[in-house]
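Q: Chains A and B, in that order, give the protein sequences.
Mapping the first sequence onto full-length UniProt numbering, position 90 (from 1) lands on 90, and the numbers just tick up by one.
Mapping the second sequence onto full-length UniProt numbering, position 227 (from 1) lands on 227, and the numbers just tick up by one.
Calculated directly from the structure, the hints in this document are not laboratory data.
Don't take every hint at face value.
Copies of the same chain look alike in the list, so a pair counts if it works inside one copy or between any two.
Here are the computed lysine to any residue pairs in the SDA-like style, where the Cα-Cα straight-line distance is at most 25 Å [stated by the list, open to error]:
hint : residue 1 : residue 2
1    : LYS316    : ALA29
2    : LYS272    : ARG357
3    : LYS316    : ASP361
4    : LYS339    : PRO76
5    : LYS339    : GLY359
6    : LYS316    : GLY63
7    : LYS272    : ALA9
8    : LYS392    : TRP186
9    : LYS316    : ALA279
10   : LYS316    : HIS47
11   : LYS316    : GLY401
12   : LYS316    : THR277
13   : LYS287    : HIS351
Keep in mind the model is a prediction, meaning the values are calculated, not measured.
There are 2 protein chains.
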Amino acid sequence: MDARAYIEAHREEFLSSLDEWLRIPSISAEPEHHEDVRASADWLADHLRATGFPTVEVWQTPGLPSVFAEWPAADPDAPTVLVYGHHDVQPVDPVEAWETEPFTPTLRGTSLYARGASDDKGQVLFHALGVRAALAASGADAPPVTIKMLIEGEEESGSVHFPDLMRERRDRLDCDTAVISDTTMWSADVPSMCVGMRGVTDVQIDLHGPDRDLHSGSFGGAVPNPLQAMSDLLSALHDDDNHITVPGFYDGVVEATDEERELIARLPFDEKEWLSTAASAATWGEKGYSTLERVWLRPTAEINGMWGGHIGEGRKTIVPASAHAKVSFRLVPGQDPVKVQQGVQEFVEAHTPAGLRAGTDFSGPGTRACASDLSSPTLKAARSAMEQAFGKEVLFTREGGSGPEADIAEILDAPLVFVAVGLDEDRIHAPNEKVEVPLLLKGAESAAHLWRELAERS
Amino acid sequence: MDARAYIEAHREEFLSSLDEWLRIPSISAEPEHHEDVRASADWLADHLRATGFPTVEVWQTPGLPSVFAEWPAADPDAPTVLVYGHHDVQPVDPVEAWETEPFTPTLRGTSLYARGASDDKGQVLFHALGVRAALAASGADAPPVTIKMLIEGEEESGSVHFPDLMRERRDRLDCDTAVISDTTMWSADVPSMCVGMRGVTDVQIDLHGPDRDLHSGSFGGAVPNPLQAMSDLLSALHDDDNHITVPGFYDGVVEATDEERELIARLPFDEKEWLSTAASAATWGEKGYSTLERVWLRPTAEINGMWGGHIGEGRKTIVPASAHAKVSFRLVPGQDPVKVQQGVQEFVEAHTPAGLRAGTDFSGPGTRACASDLSSPTLKAARSAMEQAFGKEVLFTREGGSGPEADIAEILDAPLVFVAVGLDEDRIHAPNEKVEVPLLLKGAESAAHLWRELAERS
Ligand SMILES: [Zn+2]
Ligand SMILES: [Zn+2]
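Please build the complete structure, drawing on both the sequences and the hints.
A: Spelled out as structure tokens, the structure:
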């Protein structure tokens, strides 16, 4: 029986398991649901045991638990693959906006509605079906590669304990490749793989001028105004081509290959539709790049917030004592967040006029971008696996932001490939989240092919 | 008996009257003191009647009353002078910072401490003493010019009803010159006259972008960011020489004469001391002008407040939906606030990138600057009068902001001269306001000389 036939034959069983799991409201951001997150981990552990994983453990953290499972390949020289996903879900507010109960999974047509259906329970569960399908297709009783699964319980609340967990359990997590199943495809008709995610670092910039707000009649025009200086500083962040002027900002940037840019250009991108999603009246951005390239391939500087002086009703003709701005920088592969922070500090100092004092406060060390190596056998295996499942060419996409993926790549020192079948229209993080059942089954089939392809190419 | 001898002889009487008046807490900004403001008007009316003014009236407004008095010259062809001042005072908070009770006048050395001692009761009252001194000196029973006094009761709460009052009573207020006694001199040792006050207009600028805050991972760097656009716009307000780039902004500006700039340069200005008053670590401003010229002679653009996006704790990586700024423009003689507002509107439109919507909201029609004509006989008479009283050359100053003075000049269509003896160190509007008694007496003497000088020069 080939993988597809096995999967078709076990569709109802798969959906019934998923239904059970989706009924557990495992919202990690809400303390009153922390018991549910623990129940969700236990449910998954039981399910993976039933699937046949010889080793299944619930790993406690100072926060909420992850689930670890391992199924060794028969061949001890076969590569090891680690699958990452998460079993916690987003909150459901505003709950009144849901057409059916968020934790009462409801099938309408091919869409299964429930919180977590797409992000990420459906995508974790297709791996259990996929490994069984691989075994059915090969007739073996162990997978062709060693499969480890690491399914986190705090992804939707910032993965705060996850890097430490990976460091502590580093020896158990050793792998040749990490497969991330927590992203989207371009559309149901256009299968694609995410091949990169931007990193981020962010800073609060403070400019302090006079000791107190001054009367602008007496002092205006004769002392430096912190809000004026902040406007000048932030305006200087981009040059006329909207390149970023922070010293050394582009150092090390790994440019996307012509092949990748060409594949991106082939995506059926409708800018008008994108603008309506963005609720914006026009595009904007760095000269020489398309909109998709701007959000996927290019680093950016974004003013997230800004304040100073009199911000209430009416007028108050003052020179304000201080000005403040929060700025985030999206990073691309090759950029070092630490060096970017140094550059930002240098930039702020260089743009602080005499008489003002500047401060920079970075909220943390920042997150590196991550990307797949498009020329690697692993990437080629994954693409080929998806192409077999979908019967179509698989294109490349990226994502503009990221979760814990860069930490996974760094701590486990493993290349990442993204195999996932969510859609942008799945409304993850919003009311009426759903997943396309046919795509989940394609995901299972992709996984089944992937284990074989990886074994063959290693 | 000459004016000075008369004034010296009546010092105690003057101080005892002032003591009475200062005990009335005529705080116009505090409704619980509105009865006191009315009592203050009545007290002044009685005092001017006792001084000898044949006509004294309390003029009601929808707010608090002004006092009007008139004493016609014997010669029907003599010029008419209107004296402006105010009888209301600032609030006294923080009251615990006062060394003696704000409404219990206390003489320490030559300083008389009380709320309103300098601003403006002391300076109004020296005119009553001055006119009696003028009569004593001339031996006549009417002053050499027709003297009208118009003493407002709402100056410290924005003069809201004062322009209407002047318009309604326009015929009674007809005059050849308005003498304003509500400013300061450079210092006790450096007598000076204010010869101009800047006007002001202010605007709130709003830039609207996406319909809601957007996730910067998904949209950052590809849609216009309103805070970025606002920073660019505000940064473009000044060129590299800190000239203002609003179209037509400098149209009609009446430059100060070389004589005035020269007199300003002769003021013993200590920039270090000024910076400590400004609580600023450095000066800043338009190229080609000194600090005093920047605050007195030059129009400015000042960002008073700015806000948008995430301004709370922590980070929120968004493209904000909107950005807001409050900007005030100090104006100099010759600038038309209406034309400046048109220029600002034009400037905002020209600096709004595609995809953003801009709004401008001016808080009112703005206030013109006002200035004395330095070559006029009136100004020369006033300067000569002060020089006789002080026995020294009188220099020129200006003020960076203004109260109702421009309205007085415009509604009464009369040139302004500023004769006043307050000091910057009098702490008007702050705890422990005081006035120098010797300067009040010099003020009375200046007034006495002024009436004679004006009559002689007309
Ligand atoms: Zn997810
Ligand atoms: Zn005053």
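Q: Confirm or reject each hint.
A: A quick look at each hint next to the structure:
1. In the homo-oligomer, the alpha carbons of LYS316 and ALA29 lie at most 25 Å apart only across protomers (16 Å), although the nearest pairing inside one protomer, at 41 Å, exceeds that limit.
2. In this assembly of identical chains, the alpha carbons of LYS272 and ARG357 lie at most 25 Å apart only when taken from different copies (18 Å versus 44 Å within one copy).
3. Taking the closest pair of Cα atoms, LYS316 and ASP361 come within 25 Å of each other only across two copies (14 Å); inside a single copy the shortest separation is 29 Å, beyond that limit.
4. When the C-alpha separation of LYS339 and PRO76 is checked against a cutoff of 25 Å, the pair qualifies neither within a copy, at 41 Å, nor between copies, at 84 Å.
5. Only within a single protomer do LYS339 and GLY359 lie at most 25 Å apart by alpha-carbon distance; the minimum there is 17 Å, versus 39 Å between protomers.
6. Taking the closest pair of Cα atoms, LYS316 and GLY63 come within 25 Å of each other only across two copies (23 Å); inside a single copy the shortest separation is 48 Å, beyond that limit.
7. In this assembly of identical chains, the alpha carbons of LYS272 and ALA9 never lie at most 25 Å apart, being 42 Å within a copy and 87 Å across copies at closest.
8. Taking the shortest alpha-carbon separations for LYS392 and TRP186, only the intra-copy value of 13 Å comes in at or below 25 Å, while the best inter-copy value is 85 Å.
9. Proximity of LYS316 and ALA279 under a CA criterion of 25 Å is satisfied inter-copy only: 18 Å between copies versus 33 Å inside one chain copy.
10. With identical chains, the CA atoms of LYS316 and HIS47 are never at most 25 Å apart, being 65 Å at best within one copy and 37 Å at best between copies.
11. When the C-alpha separation of LYS316 and GLY401 is checked against a cutoff of 25 Å, the pair qualifies only between copies, where the shortest distance is 13 Å, while the shortest distance within a copy is 40 Å.
12. Within a single copy, LYS316 and THR277 get their C-alpha atoms only as close as 38 Å, which misses the 25 Å cut-off; across copies the closest is 20 Å, which meets it.
13. Proximity of LYS287 and HIS351 under a CA criterion of 25 Å is satisfied in both settings, with 24 Å inside one chain copy and 19 Å between copies.
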